[in-house]
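Undergrad: Build out the structure end to end from the sequences listed, making use of the hints.
Which chain is which? The protein sequence lines are Z and F, in order.
Following our numbering, the numbering of the first sequence begins with 1 at its first residue and continues without gaps.
Following our numbering, the numbering of the second sequence begins with 1 at its first residue and continues without gaps.
Watch out, some of these pointers could steer you wrong.
What the hints assert, rightly or not - Here are the simulated lysine to aspartate or glutamate pairs, EDC-like style, with alpha carbons at most 20 Å apart:
no.: 1; chain 1: Z; residue 1: 180; chain 2: F; residue 2: 35
no.: 2; chain 1: Z; residue 1: 608; chain 2: Z; residue 2: 638
no.: 3; chain 1: Z; residue 1: 766; chain 2: Z; residue 2: 659
no.: 4; chain 1: Z; residue 1: 644; chain 2: Z; residue 2: 527
no.: 5; chain 1: Z; residue 1: 82; chain 2: Z; residue 2: 150
no.: 6; chain 1: Z; residue 1: 523; chain 2: Z; residue 2: 348
no.: 7; chain 1: Z; residue 1: 558; chain 2: Z; residue 2: 16
no.: 8; chain 1: Z; residue 1: 644; chain 2: Z; residue 2: 521
no.: 9; chain 1: Z; residue 1: 21; chain 2: Z; residue 2: 562
no.: 10; chain 1: Z; residue 1: 117; chain 2: F; residue 2: 35
no.: 11; chain 1: Z; residue 1: 180; chain 2: F; residue 2: 33
no.: 12; chain 1: Z; residue 1: 117; chain 2: F; residue 2: 33
no.: 13; chain 1: Z; residue 1: 608; chain 2: Z; residue 2: 371
no.: 14; chain 1: Z; residue 1: 246; chain 2: Z; residue 2: 429
no.: 15; chain 1: Z; residue 1: 82; chain 2: Z; residue 2: 328
no.: 16; chain 1: Z; residue 1: 180; chain 2: F; residue 2: 32
no.: 17; chain 1: Z; residue 1: 608; chain 2: Z; residue 2: 527
no.: 18; chain 1: Z; residue 1: 180; chain 2: F; residue 2: 27
Said to hold, decoys possible - Stretches of chain F that chain Z covers, calculated by requiring three or more beta carbons in the stretch to come under 8 Å of a beta carbon on chain Z:
no.: 19; region: 2-16
no.: 20; region: 20-27
no.: 21; region: 31-37
Keep in mind the hints are simulated off the structure, nothing from the lab.
Just so it is clear, CB atoms sit at the ideal spot from N, CA and C, and this is done for glycine as well.
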Amino acid sequence: MAKQMANQSTCYHCGETISGKAPCFAVINGTSHPMCCPGCQFVAEAIEGEGLAHYYQYRTEQALKLGQDKAPTTDYTVYDRKALQTQLVSQQLNGQCHVSLSIEGITCAACIWLLEKHLNQLKGVEQASVNLTTHRAYIQYLPEHVKLSEIMQHIAYIGYLPHPFSMDKQQQLAQQEYRKSIRRLAVAGIGTMQVMMYAIALYAGALQGMEDSYRDFIRWVSFLLATPVVFYAAQPFFKAAWRDVKARHLSMDFPVATAIGAAYTASTWAMLTGSGEVYFDSVCMFTFFLLISRFLEMRARHHTTQQGSGLLKLLPDKATRIDDNSQEQAIAAIEVEMGYTLRIKPGEPVPADGVIIQGQTTCNEAMLTGEYLPVTKQVSDTVLAGTINVEHAIDIQVTATGQTTRLAHIVSLLEQAQQEKPFIAQLADRVASYFVTAVILIAAVVYSYWSQHNPADAFWITLAVLVVTCPCALSLATPTALTAAMGRLYQQGLLITGNHVLESLTHINHIIFDKTGTLTEGKLTLEQVIPTNSTLSPETMLDLIAALEAHSEHPIAKTFAERATPLRAKSVTNHPGYGIEGSISSHPASSNDSNPEIRKAQRYRVGKSVFICSWLNIPLLDPPEPVGQWLLFASEQEVLGWIKLADTLRQDSAHTIHDLQQQNMQLSLLSGDQPNVVKRVAETLSISSWQANMTPEDKLAQLQTLQQQGKNVLMVGDGINDVPILAAANVSVSLGCGSDLAKNTADIVLLNNQLNSLLTVFDIAKQTRNTIRTNLVWALSYNLVALPLAACGIIQPWMAAIGMASSSLLVVANALRLTRTSKCSTKQHLQTQPSQITPLETAP
Amino acid sequence: MDIIYLLIPLALIFVAVAVWAFFWAVDNGQYDDLESPSHSILFDQEPSPQQPTPSKQASENKAND
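TA: Following this line, the structure appears as structure tokens:
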């Protein structure tokens with residue numbers, strides 16, 4: 001095992017732990033601070049250089065780790081090409097250009113300040129504003145003074161990753177919905193305040209006596225103010241109720257719309273005839289309360305869709321074309337056509353499906369297949385859009401672009417799955433349909449009774465019945481509880497994006513897990529070191545391997561990237577799919593290890609058994625254990641040892657799985673990875689049902705079979721290959737470090753990346769269900785008591801109004817209990833939350 | 001009390017203006033970000049007066065202010 005160094009420090013910029021001596025330093029505000037990598041150092045110096053070092057005092061979250069050995073050097077000049085400019089930039093008549101960029105790496109409000117300050121200092125930038133909620137920058141600039149690529153370069157200098165942003169349809173709809181609902185909220189709020197004010201005049205008038213002319217005038221004014229509230233602000237309720245009627249399935253919207261509509265009509269009638277009572281104030285207040293709870297719910301729901309730049313992010317924006325004269329030419333990815341020859345450099349994502357015509361390499365297909373080790377690709381092999389080229393530059397001939405790629409196919413599978421998604425009927429909706437029928441029947445009986453006995457009062461008594469049974473408390477019962485629970489979960493780093501989620505969770509009896517990145521970390525770590533040569537210590541052996549791997553981009557090499565080796569390797573060659581070779585010349589004097597083995601220049605190899613054994617001309621060696629990823633390490637003379645790498649389980653996987661099994665959940669593991677790997681994970685976690693080599697289609701079919709057996713299924717996944725099944729599951733969970741597409745599809749996003757938060761979600765879902773139940777019971781029993789009194793004609797309108805308000809308040813107070821954190825956990829969750837966000841490797 | 005016939009319609013006009021102003025602000029994106037403005041107001045005051053020292057890449061592009 002890798003030894004933990006005693007002296008540790010943290011990177012001042014990104015907060016990452018540095019074991020041993022910090023590789024570099026940056027001077028900020030006169031003090032020298034440790035930095036984990038030259039990338040962070042460059043950024044910190046750039047921030048200091050701009051005079052923006054206050055950023056470090058103001059921020060509440062750590063910055064994004066750059067994980068680069070050099071200054072940010074991404075070339076953005078492709079965005080100055082005409083094809084992309086016309087798509088991204090809108091030019092005004094006065095020559096000013098407007099552009100929206102989606103910015104990766106924003107962690108707190110101080111980032112906004114830093115970005116805005118920095119951008120507004122640039123010559124040619126007229127105005128730059130950055131939105132903390134959507135992580136989007138809106139920039140106005142003069143193209144003759146500054147180019148788009150320069151602006152993007154500057155954003156990269158201070159440690160953020162700019163992506164061009166073009167709003168997709170979903171985001172456009174989300175923005176429209178948001179703006180509409182905030183307008184509705186304002187109309188209802190302002191209307192309520194005004195009508196309440198006049199209602200007090202009317203109440204006072206009723207007690208002290210008021211001339212009818214004044215009373216009627218104030219009623220008219222109230223009517224004028226309530227009308228926009230009913231017809232504009234309450235419109236969504238009427239629309240939903242009409243949809244319910246057409247679908248012959250009543251939800252809570254129907255009684256709400258009936259109550260608003262009936263009270264408004266009756267009040268208008270009372271105003272016109274100068275008789276009875278007006279209820280304009282109740283109508284407005286009721287609408288306002290409901291709109292607030294819906295608004296909060298919607299904000300939570302939009303949280304994930306607004307971030308990121310839509311599907312664009314899965315594919316790179318640019319490509320390198322090899323033209324007819326064999327010249328490299330940078331083009332925009334949308335310009336790529338079938339038959340083009342593209343060059344893909346190591347570390348770059350593949351922009352379109354294609355066949356390799358030159359070179360060999362390995363590709364990381366984890367996002368599409370779930371297999372965490374890169375796959376070897378040779379001439380005439382197919383590479384898929386969205387996968388990442390790991391080792392060597394390759395030339396490909398494009399066979400599919402845009403909508404015909406494998407990636408696009410998975411996305412279309414997602415849309416299909418979303419339409420077939422089964423919903424679990426909500427408790428409140430079921431109650432609502434009985435409730436509406438009951439109220440209408442009772443009102444009819446009351447009216448017919450009183451019209452025979454006292455025809456003059458029949459209408460007003462019936463109205464009192466309707467007002468008393470106003471479903472105010474009933475309709476607030478569910479949304480308030482849900483909003484409170486969602487708020488509490490959000491504080492703990494759990495984002496709930498749908499209304500149905502918390503209720504559906506209590507019905508879940510089967511959970512499907514994805515393996516890579518969900519149960520496991522999704523990256524390789526060193527598990528075991530077995531030196532076969534007794535003169536070589538494991539530490540020295542790892543130093544030697546790390547020196548070799550420093551020259552590789554392969555995920556295996558990343559395992560060693562954090563190891564500060566004193567050795568340097570020279571003339572290193574990569575053998576894609578096999579291993580790496582290089583000579584390590586001298587051993588620095590600082591080391592205490594006096595082993596003569598490594599004093600003189602030597603050639604070493606690390607890689608697959610076959611790669612080493614053919615070099616040494618010895619028979620093929622078998623790894624010590626059959627399972628796992630074993631690498632052999634050797635010098636020119638002899639085999640020196642084995643190392644074992646594995647995609648380790650998340651720390652909390654085992655206890656989460658155990659606790660879920662305790663709760664009688666059935667668990668299964670579906671993975672796109674190799675059977676032997678999946679089997680081992682399943683056995684370690686004692687998950688009895690597992691399947692390997694699953695394509696997204698297989699996973700979806702498996703899920704639908706379970707659902708046909710009457711199971712309510714929860715799916716936990718993070719990759720693009722999980723997206724269709726996430727969409728089809730009754731409830732879906734994605735991790736915060738997962739792909740954007742998975743996060744947009746999931747009902748629950750574990751922003752804190754902790755699997756054991758699942759237990760918290762289940763726990764709070766149960767509490768929420770109980771709260772909703774007690775709320776419903778209270779609201780219904782209030783109605784049961786008040787209804788007979790109203791039917792007998794005992795209740796005055798003002799008594800009905802007070803009863804209604806107090807029952808609503810009680811329901812809200814009961815729901816607010818959910819926001820109280822019970823005992824221990826919240827703070828701990830927050831503190832242990834890892835500060836880094838999406839890993840950088842996926843960024844173009 | 002006849003004055004209410006004048007004052008209440010006046011108040012209604014104010015309400016209409018307020019709603020119109022609010023709609024205008026929403027359309028201008030003033031309400032799109034409800035989080036950062038509450039923090040950013042605090043960031044602009046300088047904790048310690050300090051002259052920014054322009055570094056290499058910063059001086060190339062800085063506005064001459």
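Undergrad: Now tell me if each hint is right for this structure.
TA: Status of the hints after comparison with the structure:
Distance restraint check for residue 180 of chain Z and residue 35 of chain F: the Cα-Cα separation of roughly 19 Å lies within the 20 Å cut-off, and the hinted pair is therefore satisfied. Taking the CA atoms of residue 608 of chain Z and residue 638 of chain Z, the gap is about 15 Å. The hint holds against a cut of 20 Å. With a C-alpha separation of about 15 Å, the suggested pairing of residue 766 of chain Z with residue 659 of chain Z holds against the 20 Å cut-off. Between the alpha carbons of residue 644 of chain Z and residue 527 of chain Z the distance comes to roughly 5 Å, so the proposed pair stays at or under 20 Å and holds.
Proximity of residue 82 of chain Z to residue 150 of chain Z is assessed by CA-CA distance (about 16 Å); at most 20 Å being required, the pair is judged to hold. The suggested pairing of residue 523 of chain Z with residue 348 of chain Z holds, with an alpha-carbon distance near 18 Å, which does not exceed 20 Å. Of the pairs offered as hints, the one joining residue 558 of chain Z and residue 16 of chain Z holds, with about 16 Å between alpha carbons and a cut-off of 20 Å not exceeded. Taken as a hint, the residue 644 of chain Z and residue 521 of chain Z pair is honoured in the structure, with Cα atoms around 16 Å apart against an allowance of 20 Å.
About 12 Å separates the Cα atoms of residue 21 of chain Z and residue 562 of chain Z, which keeps this hinted pair within 20 Å; it holds. At most 20 Å may separate the alpha-carbon atoms for a hinted pair to count; residue 117 of chain Z and residue 35 of chain F meet this at roughly 18 Å. For a cut-off of 20 Å, the pair hint linking residue 180 of chain Z to residue 33 of chain F stands: about 15 Å separates their Cα positions. Between residue 117 of chain Z and residue 33 of chain F the alpha-carbon distance is near 17 Å, which keeps this suggested pair within the 20 Å criterion.
Proposed proximity of residue 608 of chain Z and residue 371 of chain Z is supported: the alpha carbons are some 18 Å apart, at most 20 Å. Distance check on the hinted pair: residue 246 of chain Z and residue 429 of chain Z sit about 16 Å apart at the alpha-carbon level, within 20 Å; holds. Proposed proximity of residue 82 of chain Z and residue 328 of chain Z is supported: the alpha carbons are some 18 Å apart, at most 20 Å. This hinted pair checks out: residue 180 of chain Z and residue 32 of chain F have alpha carbons roughly 12 Å apart, not beyond 20 Å.
Only pairs whose Cα atoms come within 20 Å are accepted, and residue 608 of chain Z paired with residue 527 of chain Z is accepted, the gap being roughly 16 Å. As the CA atoms of residue 180 of chain Z and residue 27 of chain F are separated by approximately 10 Å, the hinted pair is consistent with the 20 Å bound. Check on the region 2-16 of chain F: 6 of its residues sit with their Cβ under 8 Å from a Cβ of chain Z, so the three-residue criterion for coverage holds. Requiring three or more residues with a Cβ within less than 8 Å of a Cβ of chain Z, the coverage given for the region 20-27 of chain F holds, as 4 such residues are present.
With 6 residues carrying a beta carbon less than 8 Å from a beta carbon of chain Z, the region 31-37 of chain F meets the three-residue requirement, and the given coverage holds.
The structure agrees with every numbered hint stated previously.
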